[in-house]
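Peer 1: Spelled out from the first residue to the last, the chains are:
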Amino acid sequence: MSDAGARLRVLSRLLLPGVAVLVLFLVPTVASILVGSVVEHKQALGRPTGENYLRFLGDRYYLGTLLFTLRISLVTTLCALGLGYLVAYYLVRSVRSRTVRRLAYLVVVAPLFTSSIVRSFGWMVSLGNNGIVNRTLLDLGVVERPVRLIFNEAGVVIGLTHVLLPFTVLTIAAVLQQIDASLEEAAMDLGASRLVTFLTVTLPLSLPGVVAGSLIVFTLAMSAYVTPAVLSGGRLKVVPMLIYEQYVAVYDWGFGGAMAMVLLTLTLVLTGIYTRFLRTV
Amino acid sequence: MSADAADVRLAHVTKRFGAHTAVDDVSLEVRPGEFVSLLGPSGCGKTTTLRILAGFLEPTAGEVSIGGQPMRGIPPYRRPVNMVFQHYALFPHLTVADNIAYGPRRRGVGKAEIARGVAESLELVSLQGLGHRYPRELSGGQQQRVALARALVNRPRVLLLDEPLGALDLKLRRQMQMELKRLQEYLRITSIYVTHDQEEALVLSDRIAVMNAGRVEQMDAARAVYERPATPFVADFIGQTNLLACTVEAIEGPRLRLRCGGLPLLAALPALAPAPGTRVQLSLRPERIALHAERPALDNAFRATVSRRVYLGVLTNFHVTVAAELALVLTTSDQSLAARIEPSSQPWIGWNAGEERLL
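Keeping their order, the protein sequence lines are chains L and A. Numbering-wise, numbering that gives the first Met the number 0 puts 245 at position 246 of the first sequence, and it's gapless, one number per residue. Numbering-wise, numbering that gives the first Met the number 0 puts 341 at position 342 of the second sequence, and it's gapless, one number per residue.
For the record, the hints were derived by calculation from the structure and aren't laboratory data. Remember, it's a predicted structure, so these values are computed and weren't measured experimentally. Errors might be hidden in some of the hints.
Said to hold, decoys possible - Example chain L residues on the side facing chain A (calculated, C-beta under 10 Å, incomplete):
1. Gly-45
2. Arg-54
3. Asp-58
4. Val-174
5. Gln-176
6. Asp-179
7. Asp-188
8. Leu-189
9. Gly-190
10. Ala-191
11. Val-195
12. Thr-196
13. Leu-204
Claimed, not checked - Derived Cβ-Cβ restraints for the label pairs, each shown as a range:
14. Arg-77(A) x Arg-8(L): 46 to 54 Å
15. Arg-12(L) x Arg-173(A): 25 to 33 Å
16. Arg-173(A) x Arg-97(L): 22 to 30 Å
17. Asp-179(L) x Arg-181(A): 53 to 61 Å
18. Asp-179(L) x Ala-18(A): 54 to 62 Å
19. Arg-278(L) x Ser-138(A): 25 to 33 Å
20. Arg-115(A) x Asp-179(L): 27 to 35 Å
21. Leu-105(L) x His-131(A): 40 to 48 Å
Unchecked claim - Some chain A residues close to chain L (C-beta under 10 Å, calculated; not the full set):
22. Pro-74
23. Val-80
24. Phe-84
25. His-86
26. Leu-89
27. Gly-102
28. Arg-104
29. Arg-105
30. Arg-106
31. Gly-109
32. Ala-111
Beta carbons are placed, not taken as given, at the ideal position from N, Cα and C, and that holds for glycine.
Working from the sequences, and respecting the hints, build out all of it.
Peer 2: Here is the structure:
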């Protein structure tokens, strides 16, 4: 159809500046990292080598860190999705006042306006043994002694979920807003209870938002550096921290580059499988 | 009518939204198998009434019963009704067959029976073989049929239709009207149809409830609503009419002498004769006024001035003024006569007493 063709032409023109910026800034840097990771650095023009990759993938410590990064990212994605869906659903369906809704969106995106260092230290104060969370739990008698929420995996997940929550809330809310309320009415009219209506109509129709949100959260969690570094107190390592060490402290750019490429490839492959899988559902 | 004879009964139903009263003390009954239209301008409360029946809204006051069962507190998913929505509300993520099977699945109907029901419903709306398509792959008219099939497959006690043809073009709309009528007569399903299109209501309905400002102004058979409107609103809303403000002057045998905007008129004496001096409204349909080249021998005959002639294909409308003060609209289907009567010419118009209706 010529109509669709015209749309495509307009769209591609609109996309052009963005694509140009990405190509200009991303391709040369990624290419140089890639090249740096597969050549020897002993002389000016090094010979190709897979040494860096073998070293990373053959070492239990490095592999363990990779798996740990993956696990933290997955758990964060699930937390951000669950929490984000609840918040988005509440904002779209329950909040009637426009002012309240705008204020709520502001609160949701607030973490993005704060420096990640300030935000992480804020969590350190709140999650510590004498922090507001533990004090509340103790005063309510929920626990008898402080729960360790900091300098461990839980703390990292809490911090990451907090900063990445806006991405799931906003993408899911945008999709929920688009769902015609009469579809839910039609489901109920045809005999579906509220829960069944949600499971058979609302949830499937909001999946595009769920997919978009989880992709953003997962990729950002995989590459997060500051939040895991501060909230784990340096006791836990994620791959971005290893990369940073190689580039800044050890000066082994080849090895750092190899780790970056593995992280990038793994993220791309996983998100690819995920989107492919959801498309077939 | 006893309570059991009615499939749907609304008793003094009122719905308020804050200070606004959307439905104001509406009482009506729909018999089994009957096709009733709720007709009125937008904001008259017809859709709100339908949504109360479907269970999406609870009435502020009054009682609703369906099939003899009181409906207060019963959620939409437990009511023996199904609705066809204004913009179809088909589930975009499900195929046509799955859309139709949605209701039976919720009721736990067996697989084989669902398949049979889906096939039957598709055939009923002449969409055989399109079950595997998605709603977006269908035309507006086809989507409309799917919406109808999705409701009918459940064999609801009452079918609710919320301006279901509103989004279709005129030709398709006429066609769907006939098809809907055929289906409804074939299935003998009690139907309540919301529309603002008076012609559609006349074509489809056994009875029409004309609504205005949250109230039912008149509920009657289509012919009665058109020919014997109970209120000025009904007379004006159903079809076109000339509404004249008149004063009763005298009773002359079987006739009533009126003065309408300075013009003396003769009207038939109604059963309840108004006393001289009473103010009445007179409704005179455009097609009841005849056009003549010479003075006609009719009870009411006047020389009129044509201010505008509107050609409508089958009919021609004339906007005329009588005695420079009374503006009337009249219609003729005699196109050769209409062609001879030019704007600003002065033909005779006339009608006999009894063609009008006093309100």
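Peer 1: Does Asp-188(L) meet its interface restraint, that is, does its C-beta lie within less than 10 Å of any C-beta in chain A?
Peer 2: It holds, given that the least Cβ distance between Asp-188(L) and chain A is near 5 Å, below 10 Å.
Peer 1: Do the numbers back the hint for Arg-105(A), that is, is its least Cβ distance to chain L under 10 Å?
Peer 2: Hint holds; Arg-105(A) Cβ to chain L Cβ min 4 Å, cut 10 Å.
Peer 1: Holds or violated: Val-195(L) as interface residue toward chain A, Cβ cutoff 10 Å?
Peer 2: Hint holds; Val-195(L) Cβ to chain A Cβ min 7 Å, cut 10 Å.
Peer 1: Using the nearest Cβ pair, does Pro-74(A) come within less than 10 Å of chain L?
Peer 2: holds, 7 Å
Peer 1: Less than 10 Å between beta-carbons is the criterion; does Phe-84(A) satisfy it with respect to chain L?
Peer 2: Because about 5 Å separates Phe-84(A) from the closest Cβ in chain L, which is inside the 10 Å limit, the hint holds.
Peer 1: Per the CB criterion, is Asp-58(L) less than 10 Å away from chain A?
Peer 2: violated, 46 Å
Peer 1: Is 25 to 33 Å a correct range for the gap between the Cβ atoms of Arg-278(L) and Ser-138(A)?
Peer 2: holds, 26 Å
Peer 1: Double-check His-86(A) for me: the hint is only fine if its C-beta lies closer than 10 Å to a C-beta in chain L.
Peer 2: holds, 7 Å
Peer 1: Is the hinted range of 27 to 35 Å satisfied by the C-beta distance from Arg-115(A) to Asp-179(L)?
Peer 2: holds, 30 Å
Peer 1: Kindly confirm whether 22 to 30 Å is satisfied by the beta carbon distance between Arg-173(A) and Arg-97(L).
Peer 2: Violated: the Cβ-Cβ distance is about 42 Å, outside 22 to 30 Å.
Peer 1: Min Cβ distance, Val-80(A) to chain L: is it shorter than 10 Å?
Peer 2: At 8 Å from the nearest chain L Cβ, Val-80(A) passes the 10 Å test, so the hint holds.
Peer 1: With chain L as the partner, please determine if Gly-102(A) meets the hint condition of a C-beta pair closer than 10 Å.
Peer 2: At 4 Å from the nearest chain L Cβ, Gly-102(A) passes the 10 Å test, so the hint holds.
Checked against the numbered hints above, the structure breaks hints 1, 2, 3, 4, 5, 15, 16, 17, 18, 31, 32 and satisfies the rest.
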